[in-house]
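Novice: Protein chains in written order, with this note's numbering: chain X, 240 to 535; chain Z, 240 to 535; chain L, 240 to 535; chain P, 240 to 535.
Don't read these hints as lab results, they were simulated from the structure.
Treat identical chains as interchangeable: a pair holds within one or across any two.
Computed list of lysine-lysine pairs in DSS-like fashion (alpha-carbon distance at most 27 Å, straight line):
id, residue 1, residue 2
1, Lys259, Lys501
2, Lys259, Lys271
3, Lys396, Lys363
4, Lys259, Lys396
5, Lys501, Lys266
6, Lys363, Lys393
Single-letter residue listing:
There are 4 protein chains.
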Amino acid sequence: MTIENKFPGKDITIEDLEHKFPLVAKKNPAHKSKFSIAGVEFGGDLIPVFAGPNMVESRELILDVANHVKRAGAHFLRGGAFKPLTFPYRSTKYNESREMGIEWLREAREKVGIPVITEVMEEKYIPLIAEMADIIQIGSRNMQNFPFLTACAKTGKPIMLKRHYGASLRDWLGAAEYILVEGNERVILCERGVAVPHTHRATSRFLLDLQVVPAAQEITHLPVVVDPSHATFWRPWVAPMALAGIAAGADGMMIEVHPDPKNAAVDPLQPIDYSEFELLVKRMDVVAKAVGRRVL
Amino acid sequence: MTIENKFPGKDITIEDLEHKFPLVAKKNPAHKSKFSIAGVEFGGDLIPVFAGPNMVESRELILDVANHVKRAGAHFLRGGAFKPLTFPYRSTKYNESREMGIEWLREAREKVGIPVITEVMEEKYIPLIAEMADIIQIGSRNMQNFPFLTACAKTGKPIMLKRHYGASLRDWLGAAEYILVEGNERVILCERGVAVPHTHRATSRFLLDLQVVPAAQEITHLPVVVDPSHATFWRPWVAPMALAGIAAGADGMMIEVHPDPKNAAVDPLQPIDYSEFELLVKRMDVVAKAVGRRVL
Amino acid sequence: MTIENKFPGKDITIEDLEHKFPLVAKKNPAHKSKFSIAGVEFGGDLIPVFAGPNMVESRELILDVANHVKRAGAHFLRGGAFKPLTFPYRSTKYNESREMGIEWLREAREKVGIPVITEVMEEKYIPLIAEMADIIQIGSRNMQNFPFLTACAKTGKPIMLKRHYGASLRDWLGAAEYILVEGNERVILCERGVAVPHTHRATSRFLLDLQVVPAAQEITHLPVVVDPSHATFWRPWVAPMALAGIAAGADGMMIEVHPDPKNAAVDPLQPIDYSEFELLVKRMDVVAKAVGRRVL
Amino acid sequence: MTIENKFPGKDITIEDLEHKFPLVAKKNPAHKSKFSIAGVEFGGDLIPVFAGPNMVESRELILDVANHVKRAGAHFLRGGAFKPLTFPYRSTKYNESREMGIEWLREAREKVGIPVITEVMEEKYIPLIAEMADIIQIGSRNMQNFPFLTACAKTGKPIMLKRHYGASLRDWLGAAEYILVEGNERVILCERGVAVPHTHRATSRFLLDLQVVPAAQEITHLPVVVDPSHATFWRPWVAPMALAGIAAGADGMMIEVHPDPKNAAVDPLQPIDYSEFELLVKRMDVVAKAVGRRVL
Numbered sequence: 240m241t242i243e244n245k246f247p248g249k250d251i252t253i254e255d256l257e258h259k260f261p262l263v264a265k266k267n268p269a270h271k272s273k274f275s276i277a278g279v280e281f282g283g284d285l286i287p288v289f290a291g292p293n294m295v296e297s298r299e300l301i302l303d304v305a306n307h308v309k310r311a312g313a314h315f316l317r318g319g320a321f322k323p324l325t326f327p328y329r330s331t332k333y334n335e336s337r338e339m340g341i342e343w344l345r346e347a348r349e350k351v352g353i354p355v356i357t358e359v360m361e362e363k364y365i366p367l368i369a370e371m372a373d374i375i376q377i378g379s380r381n382m383q384n385f386p387f388l389t390a391c392a393k394t395g396k397p398i399m400l401k402r403h404y405g406a407s408l409r410d411w412l413g414a415a416e417y418i419l420v421e422g423n424e425r426v427i428l429c430e431r432g433v434a435v436p437h438t439h440r441a442t443s444r445f446l447l448d449l450q451v452v453p454a455a456q457e458i459t460h461l462p463v464v465v466d467p468s469h470a471t472f473w474r475p476w477v478a479p480m481a482l483a484g485i486a487a488g489a490d491g492m493m494i495e496v497h498p499d500p501k502n503a504a505v506d507p508l509q510p511i512d513y514s515e516f517e518l519l520v521k522r523m524d525v526v527a528k529a530v531g532r533r534v535l
Numbered sequence: 240m241t242i243e244n245k246f247p248g249k250d251i252t253i254e255d256l257e258h259k260f261p262l263v264a265k266k267n268p269a270h271k272s273k274f275s276i277a278g279v280e281f282g283g284d285l286i287p288v289f290a291g292p293n294m295v296e297s298r299e300l301i302l303d304v305a306n307h308v309k310r311a312g313a314h315f316l317r318g319g320a321f322k323p324l325t326f327p328y329r330s331t332k333y334n335e336s337r338e339m340g341i342e343w344l345r346e347a348r349e350k351v352g353i354p355v356i357t358e359v360m361e362e363k364y365i366p367l368i369a370e371m372a373d374i375i376q377i378g379s380r381n382m383q384n385f386p387f388l389t390a391c392a393k394t395g396k397p398i399m400l401k402r403h404y405g406a407s408l409r410d411w412l413g414a415a416e417y418i419l420v421e422g423n424e425r426v427i428l429c430e431r432g433v434a435v436p437h438t439h440r441a442t443s444r445f446l447l448d449l450q451v452v453p454a455a456q457e458i459t460h461l462p463v464v465v466d467p468s469h470a471t472f473w474r475p476w477v478a479p480m481a482l483a484g485i486a487a488g489a490d491g492m493m494i495e496v497h498p499d500p501k502n503a504a505v506d507p508l509q510p511i512d513y514s515e516f517e518l519l520v521k522r523m524d525v526v527a528k529a530v531g532r533r534v535l
Numbered sequence: 240m241t242i243e244n245k246f247p248g249k250d251i252t253i254e255d256l257e258h259k260f261p262l263v264a265k266k267n268p269a270h271k272s273k274f275s276i277a278g279v280e281f282g283g284d285l286i287p288v289f290a291g292p293n294m295v296e297s298r299e300l301i302l303d304v305a306n307h308v309k310r311a312g313a314h315f316l317r318g319g320a321f322k323p324l325t326f327p328y329r330s331t332k333y334n335e336s337r338e339m340g341i342e343w344l345r346e347a348r349e350k351v352g353i354p355v356i357t358e359v360m361e362e363k364y365i366p367l368i369a370e371m372a373d374i375i376q377i378g379s380r381n382m383q384n385f386p387f388l389t390a391c392a393k394t395g396k397p398i399m400l401k402r403h404y405g406a407s408l409r410d411w412l413g414a415a416e417y418i419l420v421e422g423n424e425r426v427i428l429c430e431r432g433v434a435v436p437h438t439h440r441a442t443s444r445f446l447l448d449l450q451v452v453p454a455a456q457e458i459t460h461l462p463v464v465v466d467p468s469h470a471t472f473w474r475p476w477v478a479p480m481a482l483a484g485i486a487a488g489a490d491g492m493m494i495e496v497h498p499d500p501k502n503a504a505v506d507p508l509q510p511i512d513y514s515e516f517e518l519l520v521k522r523m524d525v526v527a528k529a530v531g532r533r534v535l
Numbered sequence: 240m241t242i243e244n245k246f247p248g249k250d251i252t253i254e255d256l257e258h259k260f261p262l263v264a265k266k267n268p269a270h271k272s273k274f275s276i277a278g279v280e281f282g283g284d285l286i287p288v289f290a291g292p293n294m295v296e297s298r299e300l301i302l303d304v305a306n307h308v309k310r311a312g313a314h315f316l317r318g319g320a321f322k323p324l325t326f327p328y329r330s331t332k333y334n335e336s337r338e339m340g341i342e343w344l345r346e347a348r349e350k351v352g353i354p355v356i357t358e359v360m361e362e363k364y365i366p367l368i369a370e371m372a373d374i375i376q377i378g379s380r381n382m383q384n385f386p387f388l389t390a391c392a393k394t395g396k397p398i399m400l401k402r403h404y405g406a407s408l409r410d411w412l413g414a415a416e417y418i419l420v421e422g423n424e425r426v427i428l429c430e431r432g433v434a435v436p437h438t439h440r441a442t443s444r445f446l447l448d449l450q451v452v453p454a455a456q457e458i459t460h461l462p463v464v465v466d467p468s469h470a471t472f473w474r475p476w477v478a479p480m481a482l483a484g485i486a487a488g489a490d491g492m493m494i495e496v497h498p499d500p501k502n503a504a505v506d507p508l509q510p511i512d513y514s515e516f517e518l519l520v521k522r523m524d525v526v527a528k529a530v531g532r533r534v535l
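The following block holds chain X by itself, in its conformation from the complex (with noise of 0.2 Å):
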């Protein structure tokens, strides 16, 4: 009986660390990437925090968050101009800006000065997108499109790489490999929650990984960014979630805020608003220093 004890796709082997994804593997335990995106430092003592709806839905919308949520403390705005449904078809609510969206984001990068993230889906519109934001977002399901991440990858701009529902550490890092192997090295993982057999509410569809965060910072010199927004789907679970996803380690914290949550063009469970955020990020400020970090 033969039982073959090498698991492709599955776990982490010194041999992938070696020639799988030897570009997103630390050299040694104490290798941190450190770099500055916008003026903010990432893999340092600050926890960035990117904050904002989840669609742009209108100019006035994006320019009323962008001032709240760079009030209370947030580093990047964050907002979907361009946003992937599960179904082709969109009621009026919950029609894409696209590029009308990018340009409100422009404006609410200029005038409120705070830098911008936000998500790309199309390769034609990376030339758009790369131009007017500080952070390209990849969104899971598009996490193993690797094409599309070398095109991201080859704009040269700062990327955030969100793990897609039913992937392993091990296919993340090596997506994040596909980037940095174009000498894109402002790479930044985030974790949005995984499918697994229990949630815990009908409405809720994945958990937060937070185990995901020592584990691959194991592994990788990466920062690791946790989004308990989409993960618990449940804005009284947002809070303590993100919480301990600072106290877990959180290299960033994106959170989904709105001034009017349960009129959110989509997703109405899932974010904020001004205030929870407010008193939020002092919290979480409080928890990152408890930890050797700060938020503020």
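Dock chains Z, L and P against chain X, hints included.
Specialist: For chains Z, L and P alone, kept in the frame of chain X given last:
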């Protein structure tokens, strides 16, 4: 205490059938799509078989395999000229044959007289592949790459949509709707294994989800194909799971075949060889007849 | 950086075969246990069928079902007099028949002349059930209740060990070893569905793991039975998954049968009725013959 | 086409709160159980810490650990005299200390003056353990061994109910209801890792589910404890996950501590040593204070 009994993204509801994937959904319990591709009927008594190597390694290989699988009863030749790999580095052995491989497939198709299915991974190659192949395969990692689905759909060519290893049935049918909404009705679904908490070998990462065959067929009129080779990743399990797929009601079967499995360029643990394939086709036909269908 | 390549509790290794479950492990690839229970052969050509209601609701019900399933070809009558429920409250309808149910099963066994399998849930009832039943069933929730396994094993009665819905193949074989080590060799494994990230209906919680059939048979000589009723929890999927189980190589099939499924005391979505069962037995026999075995 | 929108066994509904686990369910959002065990308050500001070795290997070991963890701030000594093992064979090293181990725990409890929690695995040992221990631990593999839950509940002793690695929140709360229905109200829930499709090391089998902390606390008034040692199975991840658990709102923390982790009788990859524990307690206290609670 509020408990929301809606479950976005988790399970299929009546609303989904009517508003999320109305084109994919059956109109009535007996509704089943029938269509013909290269003279092969889908959705009827016949269970078409797709066979061939993981990769189009050389002209000789693909011609040889085409001859053998056709003689054994396969209806389509499969083989990848473009191949998504988890990591950006390829040994010489793993080199994709790319445009050259497409030409070799074309030659095999014409000389041997067997229609071809092959994967397209990038928008820029869609015209090349749509022009040669009888069916365009969209790989699991691109299942929710929505602009790409749309671009493939617009070619008008039949499309096989592989299920992502982390995707729900609802996700998968939603992705198929993106193709049908473009007026392209020849869509084939393909189950190829899902990630689960416990697989059964260190080398096996997925579990073939045969329950999805009756589950999908209860909801959609589209044919459902099963790929036991990628799912099991282990040669000895391919035959039992192929037979089980036939018995479960699969509308097609995709089998990886290589003249010399141990020396296959990729995934050498999963292909079966010519004589195993010949035997399997016969056994599949016997089981198919036991459930009122046929392979030969 | 250290990466430990051992994987305790995850996958099966050569050491496991030799040191963890040597009695359960095959001695050579052809090794397969054959034994007889109440005159029914296990591990040979025959695929014995276990049929009956979830619960022994009344004397009349169990006598009626015993008659019907025997006539249709079932080899064993199944039915629970004791039933683990997730919550401590039972409506009148759900009342266990307990000792009385055991007497009703005894009467059905004798009058109808069909051997019986029933679950034991508590050590104190082992003697009562071991004295009446032909096979003792250990439910999935007790799969790793090791002292209980030992106590059941010591009766010397044949035992069906259901796999826990969260257990790996390694866990399951380890549990079986606890029975064999007591000198009890008539152990039957039963797969009844595993918890996975995505099931296919709001009412379905498990996925029938048919891949475990060849996977278990590659490692162990013990017969592997499949229970599609509990796994699918949905009547229309029972027949296709039963047929698939046969084709995958199952050594037995457990089917929930109730004269009036909608009014079954528990789990009314999963049993099939008498005429569906009759038809299914015939279809299973046809598929069994297609793979060189038989049900009738 | 019928789609049933009920989901038995999958997610928690309003009916569950009222009819399935009314004693476990909160009466109002602010409802939280407070009770005292051996003078240690649960459900208040304090986050009690349970520390000790996996197994009570020897009298010397347990006395030494009791002294050290008490001095470092632990509130309870943990240690197993009885230990469920996946396989029936134990090397000398793995021998359970059983009744003798219970006596050693009693001695440590009295001499060092630290209350004790230990697992009971069999009904016949309940009186012995209930008489000595301050808290009875029910292991994850017995979580749904309902008669056993009832028997433990009837002792009137406080009970810690570990979640099975495959169980949903609903399963777990249902199991807890079996204890409360016996009039035993001092029930502590303990999360210890769940089986998921992708863990992050070959040696790690589980993922610590911290999302269940706010999820459980939203539904139940019972305290929720976190065990990062068994979940991570990897020493370097214990501290970050313990801190994360505190930040997520855990009502208690269970940490495996051994004077010489590499030579621990079982699971040598997971315990931390004395100095690591001392430091961790201090760090947990700092994080606890950052979220308005305390460990010391």
